[in-house]
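Participant: Each protein sequence line maps, in turn, to chains P and L.
With our numbering applied, the first sequence closes on residue 429, and no number is skipped along the way.
With our numbering applied, the second sequence closes on residue 1276, and no number is skipped along the way.
Don't take every hint at face value.
[To be verified] Straight-line C-alpha distance at most 27 Å; calculated DSS-like pairs for lysine-lysine:
#: 1; chain 1: P; residue 1: K406; chain 2: P; residue 2: K97
#: 2; chain 1: P; residue 1: K235; chain 2: P; residue 2: K411
#: 3; chain 1: P; residue 1: K79; chain 2: P; residue 2: K151
#: 4; chain 1: P; residue 1: K310; chain 2: L; residue 2: K1060
#: 5; chain 1: P; residue 1: K97; chain 2: P; residue 2: K46
#: 6; chain 1: P; residue 1: K275; chain 2: L; residue 2: K1060
#: 7; chain 1: P; residue 1: K79; chain 2: L; residue 2: K1005
#: 8; chain 1: P; residue 1: K235; chain 2: P; residue 2: K181
#: 9; chain 1: P; residue 1: K56; chain 2: P; residue 2: K354
#: 10; chain 1: P; residue 1: K277; chain 2: P; residue 2: K151
#: 11; chain 1: P; residue 1: K79; chain 2: P; residue 2: K176
#: 12; chain 1: P; residue 1: K130; chain 2: P; residue 2: K418
#: 13; chain 1: P; residue 1: K47; chain 2: P; residue 2: K331
#: 14; chain 1: P; residue 1: K79; chain 2: P; residue 2: K318
#: 15; chain 1: P; residue 1: K318; chain 2: P; residue 2: K176
#: 16; chain 1: P; residue 1: K97; chain 2: P; residue 2: K119
#: 17; chain 1: P; residue 1: K65; chain 2: L; residue 2: K1185
#: 18; chain 1: P; residue 1: K126; chain 2: P; residue 2: K258
#: 19; chain 1: L; residue 1: K1060; chain 2: P; residue 2: K26
#: 20; chain 1: P; residue 1: K373; chain 2: P; residue 2: K393
#: 21; chain 1: P; residue 1: K119; chain 2: P; residue 2: K287
#: 22; chain 1: P; residue 1: K273; chain 2: P; residue 2: K181
#: 23; chain 1: L; residue 1: K1005; chain 2: P; residue 2: K56
#: 24; chain 1: P; residue 1: K97; chain 2: L; residue 2: K1263
#: 25; chain 1: P; residue 1: K275; chain 2: P; residue 2: K289
#: 26; chain 1: L; residue 1: K1060; chain 2: P; residue 2: K331
#: 27; chain 1: L; residue 1: K1133; chain 2: L; residue 2: K1185
#: 28; chain 1: L; residue 1: K1003; chain 2: P; residue 2: K274
#: 29; chain 1: P; residue 1: K172; chain 2: P; residue 2: K258
#: 30; chain 1: L; residue 1: K1263; chain 2: P; residue 2: K65
[Stated by the list, open to error] Just some of the chain P residues that point at chain L, by a computed CB distance under 7 Å:
#: 31; residue: M60
#: 32; residue: H61
#: 33; residue: D66
#: 34; residue: A76
Because the hints were derived from the structure by calculation, they are not lab data.
All figures in this text were calculated on a predicted structure; none of them were measured in a lab.
Think of the CB as a built atom: it goes at the ideal place given N, C-alpha and C, for glycine as much as any other residue.
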Amino acid sequence: MKRWTLALGALALVLGMGLGMARTTKVVVAGWGGEQEIAMYNELFKKFNATHPNIKAEFMHIPAKDYWTKITAMFAAGKAPDLFFTNNINFPALASKRVAQPLEPFIKKDNYDTGIFYKGILDAFKYDGKLMALPRDISNLVVYYNRDMLKAAGLPDPDPNWTWDDFLRYAKALTKEENGKRTQWGVSFYTFFLFWEPWVWSNGGRWYTPDHTKFTLNQPAATEGLQFYVDLRWKYHVAPTPEESADRSAYSMFLGGKTAFIVDGRWRVPSLKKKAKFDWDIIPFPKGKAGSIVDIDGSGWAMSSQSRHKDAAWEVLKFLAGPEGSLAFTKGGLIIPAIGFDPMHADATNAILKAFFQPPPPRHQQYFLTVNKTAIPTETFERWSEVQNLINKALSPVWQGKEDVKSALDKVAPQVQKILDEVQAERKK
Amino acid sequence: MHKRKQRIADAVIFVVLLVGGLTMLVPFLWMIATSFKEPGSLFDLPIQLWPHHLHWENYKRVLTAVPFGRWYLNSLIIALGLTFLNLTSGAMAGYAFARFRWKGKDAMFLLSLITLMIPAHVLIIPLFVILSKIGWIDTYYALILPGLFDAFAIFLMRQNFISLPRELEEAALIDGATPWQIYWKVALPLAAPALATLGTFTFLAGWNSFLWPLVATNSITMRPITVGLAVFNTQFSTEWTVLMAGLSLATIPPIIVFLAAQKYFIRGLTLGSLKG
């Protein structure tokens, strides 16, 4: 009798072990990144796998160039990774193909608090009103300034609540002319959409209505804001013209001490720290009629609708986007973390902030975080890249000073509206 | 008078070739110079044409930070595998199209030529779907076998076999050689210049391929150099000096292949000119 139970017990143990092993599910996470990021993922997953014996998380690196080709092919073959890294710009086109799993059921089940992330970046990862990804990082814009140039012109540091008028006043005072030729300018001039959107938004304008039914970039609120930006170059001459900047990029003119301001992102900090031969700092974007609104774009992980282990994938996703993952990526010094503050994990989030605040300059790096309160994501949607091309083309004579903003955008409006109408029809299907 | 004219013509040709050669050479030298520069100093002004100190750490980094040796081996396996298969299949199919008479030959040839007009990008996804059903993704099979048949190779070899004098093969036939013997012992040796050309093209194409190996591999160790080195080119920055060190090393095999095949090119060209 006794021996019999022992044998049964042993059998149960063996079976249990066998079942236990069989229960280990593999979760594949695809992403791009350099070797530093690959190492971070591998280290994070080592930690994760040690504490989650039933899940084996694995990183699949795909080079950023042609990342989407590979992801598309994998989806077409039904072999998509369980989680995939994405940015919010490419995201809506992807989400419209129903490849991402809405996260609401998991959030509800776990009572997961998404309030730890900045609202703007969460909005950026919503499609059809549903959250489809947890964010890792954000990028936004601030005004970088050359403090030495301000001092030389007898100007104090700008006030963080400064307005467009103040900005223009500073820029005028910082533009210098010698023998009828400008040698120094108030502000560097970018023409890429990321850099002019804040002028539209802060004046109360938008690309379209929130539901993408109507194109509004040619409405007064938008065009007046953008016209102000263009006027910096062609009316007030406080930003260099294409001829004046010759083959120097907007950033190299700031770095070379030719312009006093540049509206730019956090990614400039390492280079400025290393190369700038002047005292520099950052300040929030100046306030227009509607406030100071810059872009908040970024990247994060979405769950594939094809994943066969969604519960396990959710655990990995929470870990990556949560305090531990965020701390690891923030420590790398490349990103602004998407986690603002988590009252439930105060120590952990404080550690992230500590990792983010590296030795100055810039002395006022907190502005990289404070501007997120009012920032909004780029208004992307399913056919964003087509609209972007149309607008780019329409604005090209505007950057050359050959056309005003309103007439250029009015001309292209019917074409954009047609795309919006088609998208609406597509969505109703 | 005639001689002087000749000399002027030679001088003009020389200058044109010199300019052409330099234009080809400068990017190459720039790559090598960059590979020896201090990381981060690339965009310093004034531009440094040649670094003051040779910075070997770029090479050290590319050889140690990533599985460079394995990538190199993968590239060699892919390029050599593709070359071997393409030469074999291209020559055999080309010979069949050139010399044998069979039903539907012209239609088949036309069909194979039509495949040249399909852009490679269109094929990526269906190919991936098929190969992942067979379970070949992330293996050498997936990297090499899709290139087994190539219409360009078949076309090139066919044209070459057609241009060869038939008499030699007919003589062999009278001597009692089988079609295989004629192909292997007579026609193929005569096609050496074409094979060298095709081999060089195929090797280079295989060595340089990027998109398909990227899509067809999942693990870092299965990648060829082209895809592997992309790790130094990221969202935030590109490590140009390290990248160029890797690329400098990566140009060695194509140069060797070209030098080895060069004498056949020249022979092939002169053969043609004599006949013409």
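Participant: It remains to establish, for every hint, whether it holds in the given structure.
Facilitator: Against the structure, the hints come out as follows:
1. Restraint check for K406 (chain P) and K97 (chain P): the C-alpha separation of about 35 Å exceeds 27 Å, so the hint is violated.
2. A C-alpha spacing of about 22 Å is found between K235 (chain P) and K411 (chain P), which places the hinted pair at or below 27 Å, so the restraint holds.
3. Between K79 (chain P) and K151 (chain P), the direct Cα distance comes to roughly 59 Å. Violation of the 27 Å bound is thereby established for this hinted pair.
4. Taken as a hint, the K310 (chain P) and K1060 (chain L) pair is broken in the structure, with Cα atoms around 42 Å apart against an allowance of 27 Å.
5. Using a Cα cut-off of 27 Å, the hinted pair K97 (chain P) and K46 (chain P) is violated, with the two alpha carbons roughly 33 Å apart.
6. Simply put, K275 (chain P) and K1060 (chain L) have alpha-carbon atoms about 25 Å apart, close enough for the 27 Å limit, and the pair holds.
7. Under the criterion of a C-alpha separation no larger than 27 Å, the hint pairing K79 (chain P) with K1005 (chain L) is inconsistent with the structure, at around 69 Å.
8. Of the supplied pair hints, the one linking K235 (chain P) and K181 (chain P) holds, its CA atoms being roughly 16 Å apart against a limit of 27 Å.
9. Taken as a hint, the K56 (chain P) and K354 (chain P) pair is broken in the structure, with Cα atoms around 30 Å apart against an allowance of 27 Å.
10. Only pairs whose Cα atoms come within 27 Å are accepted, and K277 (chain P) paired with K151 (chain P) is accepted, the gap being roughly 15 Å.
11. Distance restraint check for K79 (chain P) and K176 (chain P): the Cα-Cα separation of roughly 60 Å exceeds the 27 Å cut-off, and the hinted pair is therefore not satisfied.
12. About 26 Å separates the Cα atoms of K130 (chain P) and K418 (chain P), which keeps this hinted pair within 27 Å; it holds.
13. Between K47 (chain P) and K331 (chain P) the CA atoms are separated by roughly 16 Å; this keeps the pair inside 27 Å, and the hint holds.
14. For a cut-off of 27 Å, the pair hint linking K79 (chain P) to K318 (chain P) stands: about 22 Å separates their Cα positions.
15. For the hint pairing K318 (chain P) with K176 (chain P), the CA-to-CA distance comes to about 53 Å; that exceeds 27 Å, so the pair is violated.
16. In summary, the hint linking K97 (chain P) to K119 (chain P) is supported, as the alpha carbons are separated by about 25 Å, within the 27 Å threshold.
17. The suggested pairing of K65 (chain P) with K1185 (chain L) is violated, with an alpha-carbon distance near 47 Å, which exceeds 27 Å.
18. A C-alpha spacing of about 41 Å is found between K126 (chain P) and K258 (chain P), which places the hinted pair above 27 Å, so the restraint is violated.
19. For a cut-off of 27 Å, the pair hint linking K1060 (chain L) to K26 (chain P) is broken: about 35 Å separates their Cα positions.
20. Simply put, K373 (chain P) and K393 (chain P) have alpha-carbon atoms about 32 Å apart, too far for the 27 Å limit, and the pair is violated.
21. The suggested pairing of K119 (chain P) with K287 (chain P) holds, with an alpha-carbon distance near 20 Å, which does not exceed 27 Å.
22. A threshold of 27 Å between alpha carbons decides the hint, and for K273 (chain P) with K181 (chain P) the separation of about 31 Å lies outside it, so the pair is violated.
23. A C-alpha spacing of about 78 Å is found between K1005 (chain L) and K56 (chain P), which places the hinted pair above 27 Å, so the restraint is violated.
24. For the hint linking K97 (chain P) to K1263 (chain L), the alpha-carbon distance of about 54 Å lies beyond 27 Å, and the restraint is violated.
25. For a cut-off of 27 Å, the pair hint linking K275 (chain P) to K289 (chain P) is broken: about 36 Å separates their Cα positions.
26. With a CA separation close to 25 Å, the supplied pair K1060 (chain L) and K331 (chain P) stays within the 27 Å bound.
27. As the CA atoms of K1133 (chain L) and K1185 (chain L) are separated by approximately 41 Å, the hinted pair breaks the 27 Å bound.
28. Simply put, K1003 (chain L) and K274 (chain P) have alpha-carbon atoms about 63 Å apart, too far for the 27 Å limit, and the pair is violated.
29. At roughly 14 Å between alpha-carbon atoms, K172 (chain P) and K258 (chain P) fall within 27 Å of each other, so this suggested pair holds.
30. For the hint linking K1263 (chain L) to K65 (chain P), the alpha-carbon distance of about 38 Å lies beyond 27 Å, and the restraint is violated.
31. Contact between M60 (chain P) and chain L, as hinted, is supported at the beta carbon level, the nearest pair being about 6 Å apart and thus within 7 Å.
32. At a threshold of 7 Å, the smallest CB-CB gap from H61 (chain P) to chain L is about 6 Å, leaving the interface hint in force.
33. With 7 Å as the threshold, the beta carbon of D66 (chain P) comes within range of chain L, its nearest partner Cβ sitting at about 5 Å, so the hint holds.
34. The interface hint given for A76 (chain P) holds, since its Cβ lies 5 Å from the closest Cβ of chain L, which is under the 7 Å cut-off.
In the structure shown, a violation is registered for the earlier hints numbered 1, 3, 4, 5, 7, 9, 11, 15, 17, 18, 19, 20, 22, 23, 24, 25, 27, 28, 30, in ascending order.
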